[in-house]
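Go ahead and model the full structure; you've got the sequences and the hints to work with.
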Amino acid sequence: MDEPATGSIDPAPEAVVGVQTGPSGVPAFCQFTATRYDRTVRQLKARRRRIFGWTVGLAAGISIALEVLNVLAREPMPPWWLALLPLVWLIPVPFFVLAFWGTQRTLRANHLETGVSS
Amino acid sequence: MTARTVIFQITAIGRNYRAIAESARSVLYWARHTPRQGFVPRLWLVVEPEGYASSPSTYESLRSEGARLLVVPRNYTTPLGTRGKARALQYASDQRVEEGLSNAEVWVYHQDEETCVGQDTFAGISDFIRGPKLVGVGVILYPIDWSGSPSHIQEVTRSYDDFRVLDSMTMPKNPSAGFHGSHILVRADVEDVVGWDSIGYSPAEDLTFEIRVRSRFGPVFGVLKGFAYEKGAFSLRDQLRQRRRWMHGVLFAVRRSPELPRDRRLSLAYSAISWFSALPSIAVLVASLAFHYGPALLVTGIFTGFIWVSMVTAYLEGYRMHAEYLERRIPLIQFVAFGLVGAFIDAIAPWYALVSRPSLGDFIAKDRPAGAAATPRSHLPRSGIRSVPARGAIASSSIASEPPRTTA
Chain A
1 MDEPATGSID PAPEAVVGVQ TGPSGVPAFC QFTATRYDRT VRQLKARRRR IFGWTVGLAA
61 GISIALEVLN VLAREPMPPW WLALLPLVWL IPVPFFVLAF WGTQRTLRAN HLETGVSS
Chain B
1001 MTARTVIFQI TAIGRNYRAI AESARSVLYW ARHTPRQGFV PRLWLVVEPE GYASSPSTYE
1061 SLRSEGARLL VVPRNYTTPL GTRGKARALQ YASDQRVEEG LSNAEVWVYH QDEETCVGQD
1121 TFAGISDFIR GPKLVGVGVI LYPIDWSGSP SHIQEVTRSY DDFRVLDSMT MPKNPSAGFH
1181 GSHILVRADV EDVVGWDSIG YSPAEDLTFE IRVRSRFGPV FGVLKGFAYE KGAFSLRDQL
1241 RQRRRWMHGV LFAVRRSPEL PRDRRLSLAY SAISWFSALP SIAVLVASLA FHYGPALLVT
1301 GIFTGFIWVS MVTAYLEGYR MHAEYLERRI PLIQFVAFGL VGAFIDAIAP WYALVSRPSL
1361 GDFIAKDRPA GAAATPRSHL PRSGIRSVPA RGAIASSSIA SEPPRTTA
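Residue numbers (the working numbering), protein chains in the order written: chain A, 1 to 118; chain B, 1001 to 1408.
Don't read these hints as lab results, they were simulated from the structure.
Treat the hints with caution; some may be incorrect.
Okay, derived cross-link-like pairs now, DSS-like style, lysine-lysine, Cα gap no bigger than 27 Å in a straight line [stated by the list, open to error]: (1) A:Lys45 - B:Lys1133; (2) B:Lys1173 - B:Lys1133; (3) B:Lys1173 - A:Lys45.
Quick partial rundown of chain A residues pointing at chain B, CB under 7 Å, derived from the structure [said to hold, decoys possible]: (4) Phe29; (5) Thr40; (6) Glu67; (7) Asn70; (8) Met77; (9) Gly102.
Using C-beta positions, here's what the derived DEER-type ranges look like [stated by the list, open to error]: (10) B:Thr1077 - A:Arg49: 48 to 56 Å; (11) A:Arg42 - B:Asn1103: 33 to 41 Å; (12) A:Leu90 - B:Arg1265: 18 to 26 Å.
By construction, the Cβ of each residue, glycine as well, lies at the ideal position given by its N, Cα and C atoms.
Given below as structure tokens:
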């Protein structure tokens, strides 16, 4: 922040006069700094493996628990029309798988930090 | 060599004039406070006459501060007769062509009325325009006017989901149909060649645009660093109406977009069906209390854990992404309870879209009511712009027909 802007936008000082300020005395958008952004994405990227492990591990745990409970329950086969109803839960599975891999890939493959300090 | 120019273009009806003023001033502020940005920033406000008439003094004030104001003339028509936001976007495109701004040195950064930018947005744009890609899309946060309401908690999941959007969009065929209407950066000549014109009302003009760009230029989409900062719907009713509009956009694209390739049509239809399945899923879950599905659960149980954990992760990580911008946390119990309410609204939204339709000027408030005090739960400093009383409208056509005014 040690150089003047080089852009053609050069608003008059009153540009920010009409902006309400909050408890900290500055408009909200003044707080949207590169430092905060960099910190946010750096922390998220650092959590990527943990998110992977959490998702896979916990998902497996829940599914195994449900399967075990279901086997122990020894329930009879319901009528076919009733047995088909839970299949609706499977519809979004491919979408969630794509989202999971896509998020992991985006976080892994991209250098998201701006490197600008304010 | 000509200096690169980035037009920050806010395109909206214009009735949320305080939100627009705030967005515009975020651009003006960071244009002044960002050194070595590597481009010449310009600010264009593209609004409808009724939007301008809602607060002429606000718009004139923004004009005096450096914004270029384009009020779309009432009698402006496109060759294909498109309406709604696409018409306004096409009007701005026509202006660029007319003024010689449609070339490889000019970029357009698209903002909704409530899209504020930050220093990181400027840095991301500066980085992107030096690269080979022609269209950039980034992650949007929703910290502005945050109150911790159900609709605001639901919104944080969208930020985390944006990483899925970015991945899908940068793949050759955009398999999970992701795109944004705001926080996108497009090289002007690409945008102006493709255009926004289509037959009649296009509720999914951003999706149509993405399809056209991909079909004409191939996989030219890249990740735009930096966040944009928006605000969630103020009420559950507005959240419902906003989602209804999205679903209408998707259904419109699936059924009536001739440019949509077959595989894209299928993936888009699948996305819609996935969304539709949310409400029946809840109904079947509730029904399980009365009925016993028995061995059928052996099949579904394999995937149940993954879906549950994925959903919870979206809330947790979405909230963590916002944490840097929220001054006070909300209690966990409130987060869970309100999150369930917000999720339920999202579940019923596609079905609501089947039985009702948005009007052309479907208005969703983004301005906190004037004079409304910040709630005690407010986590960010109030960032609204003081509304200025309207002092009479200036004929909109005279604004639009003014000689081009650069911000230089």
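Each hint, compared with the structure:
1. A:Lys45 - B:Lys1133: holds (23 Å)
2. B:Lys1173 - B:Lys1133: holds (16 Å)
3. B:Lys1173 - A:Lys45: holds (26 Å)
4. Phe29: Nearest chain B Cβ about 4 Å off; hint holds.
5. Thr40: holds (5 Å)
6. Glu67: With a minimum Cβ separation of about 5 Å from chain B (threshold 7 Å), the hint on A:Glu67 holds.
7. Asn70: holds (5 Å)
8. Met77: Result: holds, 5 Å to nearest chain B Cβ.
9. Gly102: Hint on A:Gly102: holds, closest Cβ of chain B at ~3 Å, below 7 Å.
10. B:Thr1077 - A:Arg49: 48 to 56 Å: holds (55 Å)
11. A:Arg42 - B:Asn1103: 33 to 41 Å: holds (36 Å)
12. A:Leu90 - B:Arg1265: 18 to 26 Å: Distance hint for A:Leu90, B:Arg1265 holds at roughly 22 Å.
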